Every structure is written in structure tokens, then in C-alpha cells.
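**Student:** Each chain, letter by letter, is given below.
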Amino acid sequence: MKGKYYIQGLAAITPQHTFEGNLFSQPLVSTGSNVFAVTEPDYKTFIPANSLRRISRLLKMGLTTALKCMQDSGLSVPDAIVTGTGKGSLQDTERFLKDIRQYEERALNPTPFIQSTYNAVNGMIAVQQQVTTYNNTFVHRGFSFESALLDSMLLLEEGVSHTLTGAFDEISAEHFYIKSRIGHWKKEMVNSAELYNHLSPGTISGEGAVFFTLTAAPTAQSYARVAGLKMLYKPSLTALTTGLATFLSQYGLSAKDIDLVITGRNGDNNFEHYYRQLDLGLPQVSQLPFKHLCGEYETVGAFALWLGAHMLKAQQVPQQWFPMVSQFPATLNRILIYNHFFGDQHTFILLERTAAPAV
Amino acid sequence: MAERVFITGMGMITAIGDTVEANLGSLRQQQSGLGFTRYIDTIYKEVLPVAEVKHSTAELSTMAGVPNSPEYTRTTLLGLLAMQEALQQAGISDLQQEPTGFINASTVGGMCDTEKVYFDITDAEKEGDFLKYIDTLDCADCTQRIADTVGLTEYITTVSTACSSSANALMYGARLIKQGLLRRVICGGTEALTRFTLNGFNSLKNVDKRPCRPFDQQRNGLNLGEGAAYLVLESESLVRENNSVILAELSGYCNSNEAFHPTSPSPEGDGAFAAMKNALAMSGRSMADVQYVNVHGTATLNNDVSEGKALERLFGTQVPPFSSTKPFTGHTLAAAGAIEAIYAVLAIQHQVIFPNLNYSEKMEELSITPETRLLEQVPVNTVISNSFGFGGNNASLVISKYEG
Amino acid sequence: MEDLKQKLKVQIIEALNLQDTRPEDIDDNAPLFGEGLGLDSIDSLELMVLLERHYQIKVEDPREGRKILQSVQSMAEFIQSKQPA
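As given, the protein sequences belong to chains A, B and C, one line each in that order.
Position 215 of the first sequence, counting from 1, maps to 215 under UniProt numbering, and the rest follow consecutively.
Position 309 of the second sequence, counting from 1, maps to 309 under UniProt numbering, and the rest follow consecutively.
Position 26 of the third sequence, counting from 1, maps to 26 under UniProt numbering, and the rest follow consecutively.
Read the hints as simulated data drawn from the structure, not as lab findings.
Honestly, I wouldn't trust all of these hints.
Just some of the chain C residues that point at chain A, by a computed CB distance under 8 Å [stated by the list, open to error]: (1) Glu14; (2) Leu16; (3) Asn17; (4) Leu18; (5) Gln19; (6) Gly38; (7) Ile42; (8) Leu45; (9) Glu46; (10) Val49; (11) Glu52; (12) Arg53.
In silico negatives: residues of chain A with every beta carbon more than 12 Å from chain B [claimed, not checked]: (13) Gln26; (14) Pro41; (15) Thr111; (16) Met153; (17) Tyr275.
Everything numeric in this text was worked out from a predicted model, so none of it was measured.
Glycine is no exception: its CB is placed at the ideal position from the N, C-alpha and C atoms.
Next up, chain A with everything else stripped away, as it sits in the complex (with noise of 0.2 Å):
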């Protein structure tokens, strides 16, 4: 792996104004509720109404993602579709249960079935687009963005010229409650820009649409190089520290080349540890949280991906969205983010300035 791959272009809908517009000048959204829902853009400029009115609210976040991101990037067709998804459509699966129950398994409606389809996002993206080649999906938690980001690096590798790379997940009420039951969020409410003055048991949730176009080459319009990634699977501290270590020695880096990190700390007591660990190992680099932009959900990894890619592009932090951070630093030529879902799935991704200088 030779580590050059670019984001060439991107697009998010996420709880924050980021679907439109500049975000610097984005103004910080925050809830009380310990939920986060997106704003949701007018899909029907990015969807045919024939199709529109059939699909359910993920699908259109997705797709409406997906197709925005491949506008960014001044391509039209992809080499390849790759995604990563938690839950999928919740609402779909949610819907096709209760029918199941409600008319006794009689007369029942295909669409939600057909959409509560993990891959049916990539589907709908193929045919819209005409993409005929490679598409895949993973649903592997807090790896389902990163492994569609690995599997995309494998394909530039082989010669691929570019992969539409994204992640999608969403919250319902329902879904919100099941969670709550084994204790993923916190009891009391909680202002999510205070987040992290309030460290208990749980965090808040949250859910999002983000995609990416990788491309083997740079242009001028390249945001940012995914220069490598890493995903450990329940490490220990231990683990956890000499992974970062063998992570950082892989590309000639320590941790002074790091001029922040993107961390995923989210004011949860039973995970802080995790974080803890990661100060030790990177003492004095600049640590920007970013939970209380977007909630907790399993593909969380692509908001701080596409965050990292817009701060190294335009050279400066949304410090707007971040009242709790005192200081920024002065310039960017490498982030490193590193997250974990629920202690199980920890991921380091390494981001670097399309023209960095060598360390």
C-alpha cells in the first residue's frame, strides 16, 4: 500500500449546516434532547420525483450524498461504489416488523423489505448513475466506514481511477430507545456543546451521510491525502498505545509531525480510558473533539474524515463549531483522527495535506 490516495471531492449531511454553503461560516447547531437529527437538504433537485416518492429517509440522505459528492468532485460515473453502514435503514427494518405483526404476515408491502437491504443505497446510487462496476457495502459497526476506506485504498492500488467511498446511518425513536435499554446514553439530558464537561455513563446519539471521491491522483482540487488507516479490533491499552506507535513508525512519523487530532471522545465514563491513553501517547498535539457536532453512530469515522479534509484544504479550523477549544493550530499538514465505537472498533486514520512537505 502505497498510500497515496486523495479525496478529490466530498458532501455530508450531517446535524450541522454542511450540505450547503461555507462552513466556516456555519453557525454551531446543538440540541438538548441527547439526539441529533440531520438537517435535511430539499432532496428533490438531486432525486427524479418518480423515484423520490418511494424511498425512505436514509436512502434519500444517501444518495442525495452520494450524488452531491460526485458533483463536488466534477465526476460523473465512478469506478466504484463503496459503503459503510450500522443499521441501515432502520425505519424500513422497523416498518416491515411491525407490518409483519400488524397484518399477520398477509398482503405485505415489498418496499420496506427491499430497502431494509444493507446494500440497497449502493443499488440505488448504480442505477441512477449507470455505475457498472465494483459496489460493495459493510456493516461492521464502528468498521463499516473504515472498511469501505480500506477497500477503496486496495482498489486505487490495483488501478482503479476512482472510488465513490461514503457512509451513511440514521436514529429513529425507536431505535433510540432499544439503546438506551443496554445503556448507551446518558440518563441526563445533556446540551450537546457541553458534551464533554459532562462525563457519565453514555453519550448522546446522533446519525449522518457522508461521502468522498478517492482518486489515485491529486489535483488542484484535491482536499486532502488519506496517507494510511489502521483498525484494531478490542485492543487493549496496551495494544491501543503500541498500536499508535507502530501506526505513526509506519510512515516515518512521531508523534511532533501530528499538528492535531481529530478525536472521537463523547463525555462517556465508561470509554474515556481509551482517550486517556491516546493524551499519553501524543502529549502536547492539539486535540479537536467533534461528538458534539454529529452524536455517537457506528459510521462517525466519515464526519471526522470530512471534517479533517476541509480544515487541511482550506487551512484553518470552523473554530466557530469549537467554543471549548482555546487554541488552533497555526497550520496543517497532518491530522491523525482516532475513534472508537463503544471500546470494540478503534480506527486511526492518518490525513494529510494534498502537498505536505516530507517529514
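Starting from the known structure of chain A, fit chains B and C onto it as the hints suggest.
**Tutor:** Chains B and C only, in chain A's frame:
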């Protein structure tokens, strides 16, 4: 030069047998696994035949040597049994000796069990042990339980592309090896029958009330099945280092998309054609080298026309013997690609072609007919295995005899 | 028959979520699939669900379904033929 990828171990459980050996026996005896369900709670219990594994979930947990508790869903247990056999067959006793990846495939995760308690889970009035099922709602749970039980700690992930899921898992694993990220990856899928899926396919009006009849003019849909299968893939260098026994080579693969319709294939089989053609090209084998095609052959009206057309387009008048083994195992969705990949290896190992059961009348759209006889002692060195799914997701694998 | 057709149009619009279509936009004899309303095979399954839920008529064979679902007219005729006079 990228490493070659070899198959060095296999494990499986289906309605026709608890092991690879038992599956081979049933295939040879032409013993179908179709019948009525004993374990799913459905009004179609005695209406729609399914290919169910002949053990209760409690029995499966005993067989797998784990506690009979909610953490181990039927999906997990089927997978665990197949995994244990695959490890044993590959002669792997200590997974820590070589970093080993695990690429699993699942379409509905633990739905087989969670659908029974879902409305208790959403009911604030109810408390109990069933809350443990919450973790099993997604597709990652089964992968992690299997990994944790046998000690797979390196890279693990789960693929879900409907009926082609485990073919894509095999492909992804092979690519990880070719790129040098890992030298050993275990790939496959697991699928338990659920009321959810049965009703889903029934709502699409493509479940046959009779045993399915692939490539038959009178075919009227598929039958669902359950099972799990894993293949141990190893790089050539690891195989040399360990002197491992090579069962076959995964010599080619391709994933291609129809870009046509959410659930239906294109009438001319464009995706199937491209998948087979490119997989074969990658394998370096010629059209004439292909001695058997294990078709997707679900027996739905659309699949068989589309896949048949693709075979005719690719092979012209020289279409090799082909058969669908779905009348044996039912359509096992996420597990199908891996189950049929093992059947392809068995065909090569034992020089045998499995029959397409329940066939009687040629399809009017096609000039080809499936192989209906069990052919023994025939040369089988290269096999194409097809798996096609919703979302136009088509995957073809080429499995070849190892010839040095 | 006219009442039935009118009712069917409303039900079709609802079942298929044809937001910008009004009942009067649907011609009795216009083809529902392909051109016309531009429906596809999944819509045809949805319309079979409509027949079963609202009219207790079960269409088992998708091939038969295609004939019945040609137009509002053919659907109405089929419903009438199945109902006691």
C-alpha cells in the same frame, strides 16, 4: 507480482449436512434438504418449503460448545460450527501464530432470534433476559461472537450485499492477501432462516410453494435456506512456509453491477456476463477450461432468464455443464456464495458435477439446459461460481485445481 | 363502476405516494406501467397488496398480475368480476 491465493481449509453446515463431508454425501445421494420449518414461527410453516438445518438452536450451542444463551443467536452458532470445522480442516490450532483476518457476511444478523422478542425490547413495561438480544440486532454481532470464541483478534469486518455477500467477502479477503496486508484471511457467511426474510421474499412473490425448479420452464420462485460456510484463504508464501495442504486456488473473481433495478436483473444478464467474463480473464483460464458452472440459479422467473442469457452470451454454443445446487440447500442468502464456493472445491477435489434437481422442461427463452445427472469421474479443473443479489450486485468466482 | 374507478385512483395515489398526481390526471385506459404513470415492477407488487388489503383479492401469479394491472379500467373490471353481484 501479487501473491496467489489458495484455499487451505473449509467448514460448513447446511440443511443437507453438518460438515463438508456430510454435504458431499448428500449431494452425491441427491438428497435435498427442503422441507417444512420446525423452528420459525410463521403462518407459512406448512405452506412454503425451506431448507432448515436439522438442529434446534439449543442443540447447535451444544455442538459448538458454548452456553445456550441469548448472546449466541442461531446465526452465530451456524457460523461458529462452520468456522470450527474450517480451522480444524486447515490444521490451525493457534490463531496467534499468524495474523488472521476474518471477513464475514450476513444479511439480517441476529434477526432469527431478535424478531421473536423485538416488541418486548421496544416495550418499556417489559424487562428480562431478552434485553441481551439488543446487541444481536445488527450484522456485526455474529462476526464478533465467532471471532471472540475462536480467538480471531486481527482485522475483522462484515459484508452485506444481499445474496452475493459471502462471494464478496471471499473476494475482499483475497484482495487483502494479494495486496500483502495479511497472509491469511478466513472468509464466508452465515444465515439463519427468519420470519422477516421469508415474508420479505414472499412479498416479492418469488417464493415457490413447491421445491424450487431452477432453469425449468415451470419454475415459480425460490426456497429459502440457512447455513454457514467459511474458507481459509492463504497466500502462496504462507502455504510454502507451513507446507499447508492446498485444496484449490481462488484464481479469479469479479464484482459487477447491473445498474438496472433494485431487485431484478437485466433481461440480457449484463451484470452476470461482465462478472463471469472478467473473473475468467483474471484467472488466466480460457472459456474451454471451464468444466462446470455452479450457477446462482435461484429459480425465480427473472434470475434464470438473465443468468442463462449471460451464459449463452459468454460461451456461445459451448456452454459447459451447469447446475444450481439451490434445490439441495435452498437459497441461503449471505451464506450462499461461500457454500457454493465449497461445492466448487468439492467438484474439483472429487472430479464430480452435481445435478440440478427438479428439472423437467427447457425454458423457452434459452437454448441451454442444466446438468441433471450426477457426473462422477469427469475432469473438473476450473469452476465458475455465481452469486447475484439485490441492488444489482453480481459476483463471480473462479476456482481452479492446484497444479503447482 | 365509475365509483369504483374513482376510488381506485385515490387508492393508487395513496399506495404509491404519487404526490403530484391527482385522480383526474389518471386516464381510465392509460397504461399504468412503462409510459403513463411510469410505474415499475415493485409498484405492481404494491398494487397487488392494494387489491388484497382493500378488496380481499389475492393475485398469486405475477404473470397474471401484469394483465390485471394494465390500467385502472382493467383493475376495476377484474375487481368487479371477483365480487358477488
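**Student:** For each hint, tell me whether it holds in the structure or not.
**Tutor:** Results for each hint:
1. Glu14: violated (11 Å)
2. Leu16: holds (7 Å)
3. Asn17: holds (4 Å)
4. Leu18: At 6 Å from the nearest chain A Cβ, leucine 18(C) passes the 8 Å test, so the hint holds.
5. Gln19: holds (6 Å)
6. Gly38: holds (5 Å)
7. Ile42: holds (6 Å)
8. Leu45: Holds, because the Cβ-Cβ distance from leucine 45(C) to chain A comes to roughly 5 Å (cut-off 8 Å).
9. Glu46: Holds: closest Cβ of chain A sits about 6 Å from glutamate 46(C), inside 8 Å.
10. Val49: Since the shortest Cβ distance to chain A is 5 Å, the answer is holds.
11. Glu52: holds (4 Å)
12. Arg53: With a minimum Cβ separation of about 5 Å from chain A (threshold 8 Å), the hint on arginine 53(C) holds.
13. Gln26: holds (32 Å)
14. Pro41: At about 23 Å from chain B, proline 41(A) clears the 12 Å cut-off, so the statement holds.
15. Thr111: violated (9 Å)
16. Met153: violated (9 Å)
17. Tyr275: About 22 Å separates tyrosine 275(A) from the closest Cβ of chain B, which puts it past 12 Å; holds.
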